[in-house]
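*Asks:* What follows is the residue order along each chain.
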Amino acid sequence: MSAPGVRFAGSADHAGAPLFSGIALDLVAGGWTCLLGVSGVGKTTILRMIAGLETGATFTGTIEAADRGALEGRVAYMAQSDLLLPWATVRENVTIGARLRGERADMARADRLVAEVGLADHAGRKPHALSGGQRQRVALARTLMEDREIILLDEPFSALDARTRAEMQELAYDLLKGRTVLLVTHDPGEAARLADRIVVMTEARTVEAEPPNTPAPRAFGDPELLQAQARLMTMLRSE
Amino acid sequence: MNRFLGGLFALLIALGLWQAIVSLSDVPRFILPPPALVFETWMANRALLAEHTLVTATEIALGLLIGGALGIATAMALAASEIARVTMRPVLVFTQALPVFALAPILTLWLGFGLGSKIAMAVLIIYFPITSAFFDGLMRTPSGFLDLARTMGASRSSTLWHIRVPAALPALGSGLRLAAVYAPIGAVIGEWVGSSQGLGYLMLLANGRAKTDLMFAALFTLGLLSIALYLAVNWITLAWLRRHTPGA
Ligand SMILES: Nc1ncnc2c1ncn2[C@@H]1O[C@H](COP(=O)(O)OP(=O)(O)OP(=O)(O)O)[C@@H](O)[C@H]1O
Ligand SMILES: [Mg+2]
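Quick note, the sequences are listed as chains H and G, same order.
Going letter by letter, the first sequence gives residues 0 to 238 in numbering that gives the first Met the number 0.
Going letter by letter, the second sequence gives residues 0 to 247 in numbering that gives the first Met the number 0.
It cannot be assumed that every hint is accurate.
Said to hold, decoys possible - Reference excerpt, derived from the structure (chain H facing chain G, CB under 10 Å, subset only):
id	residue
1	Leu-52
2	Arg-67
3	Glu-71
4	Gly-72
5	Gly-96
6	Leu-99
7	Arg-100
8	Gly-101
9	Pro-126
10	Ser-130
It is worth saying that the hints were derived from the structure and are not from the lab.
If you're wondering where the values come from, they're calculated on a predicted model, not measured in any experiment.
Here a beta-carbon is modelled for each residue, glycine too, at the ideal position from N, C-alpha and C.
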């Protein structure tokens, strides 16, 4: 897969009240870009705009794939809440995209993905019988099932315990290899662990922070990671 | 079990009060028959009551089926199409504003003294609650599910079918439970206006002949029928929903 980069540049307002401006966000083609910024600055709004979803805000600027192709149909969006259908089993949730498009779902592929996220034994369960971390893994499998080039992740791991979060980061990194990923996170450690590019946004601009030089996903003790995390933390506090 | 015992207790108290009123005052029997007499009459007229119960039960069941199907179809049409909403909403509100009882004589005129007019009454009385409960459910799909469907490239009709309808089933369940309470009212009013069968008819007949004990017996049978119907619909919808959307 050769996933394209994506450029998001411009400003947005809510009925005349400015939300953000001077934003220039370039997603690494086939890599991970992490977006940080204080709560309410407009990160989710940006993700939804790239995904072509309603935001209630007016946007002026450009949103385009680096290969000039249309974005529609190439983007998968994983929101902070898992959005699993409560009436559907794990397997049905993972294959909902095909059913929604009136296509035949590739059940073998679905089962393989469910197994890859470690839920082979739970494929017939409904979401209420899963833990938060397991539900998040189903949502990840559903996102992968869509097989899109551009993946938007809105704080997908923030509600998980430290150990599950670390496991999910590694799993997601592994399974999303080669895709263009935009990860919104409040956790400098997460950004420093996974990012090829780190972008901090304020309401008036975007600033890049230097990611570690070592290949992702970085080990927790990696001195490069710790330094990047410290740099990022300083930056977040001064912006 | 506790609820059952509580209900039994309340029933016994009511029967005791009833008996007390009858024995302490001298209300004539044709105004208020004592409970024991009603029970005697009830037992003596088992076959007659059963025959009329069957008629009323058929009216209610068919009314529920037809009214349920029409309500479900209307709600889906309203949810699917803006045009349907604009044109049919006023019609729906009008049919609801019109007292359905006022239509009973016309329905009897058009559909005759048989089952048809009673089923139509039951259908009319439950149509609106079912339609509005299901429609509200269809319009309240969690927005995250709709976003998901959108990014997955779903059409409007498949979003309706795979997301909005399943998400609205609990709301439809409440509508059906409400309908189970209303449907007997429609059937009995239909019978009062013109019929030759059914518990409502039997009540009027007994009343006209001053057989108050038989009237009470018919009334109790109607009460039991309604409660049984409600419990059945309640149990079926809840059991089914628990399987469909566990934890909801
Ligand atoms: N319909 C609306 N009208 C006006 N303002 C809105 C509307 N919807 C959202 N907002 C505002 O837009 C801003 C951006 O919201 P957004 O969800 O993008 O923030 P965020 O950066 O993702 O925050 P968080 O980190 O808390 O998730 C918020 O301040 C919010 O109050
Ligand atoms: Mg957000």
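*Asks:* At a threshold of 10 Å, is the proposed contact between Ser-130(H) and chain G supported by beta-carbon distances?
*Replies:* At 13 Å from the nearest chain G Cβ, Ser-130(H) fails the 10 Å test, so the hint is violated.
*Asks:* Given Arg-100(H) was flagged as interface, is its beta-carbon under 10 Å from a beta-carbon of chain G?
*Replies:* holds, 5 Å
*Asks:* Hey, does the Gly-72(H) contact hint survive, CB to chain G under 10 Å?
*Replies:* Cβ of Gly-72(H) sits 6 Å from chain G, so the hint holds.
*Asks:* Under the criterion of a CB-CB separation shorter than 10 Å, is Gly-101(H) in contact with chain G as hinted?
*Replies:* OK, holds: Gly-101(H) within 10 Å of chain G, min 6 Å.
*Asks:* Take the shortest C-beta to C-beta distance between Glu-71(H) and chain G; is it under 10 Å?
*Replies:* holds, 8 Å
*Asks:* Is the interface hint satisfied for Leu-99(H)? The criterion is a beta-carbon contact with chain G at less than 10 Å.
*Replies:* Leu-99(H) check passes; min Cβ-Cβ to chain G is 4 Å, inside 10 Å.
*Asks:* Quick check on Arg-67(H) please, does its C-beta sit within 10 Å of some C-beta on chain G?
*Replies:* Result: violated, 21 Å to nearest chain G Cβ.
*Asks:* Is the interface hint for Pro-126(H) satisfied, with its Cβ closer than 10 Å to some Cβ of chain G?
*Replies:* Hint on Pro-126(H): holds, closest Cβ of chain G at ~8 Å, below 10 Å.
*Asks:* Closer than 10 Å between Cβ atoms is the bar; does Gly-96(H) clear it against chain G? Give me holds or violated.
*Replies:* Result: holds, 4 Å to nearest chain G Cβ.
*Asks:* Per the CB criterion, is Leu-52(H) less than 10 Å away from chain G?
*Replies:* holds, 5 Å
Consistency note: the structure conflicts with the earlier hints numbered 2 and 10.
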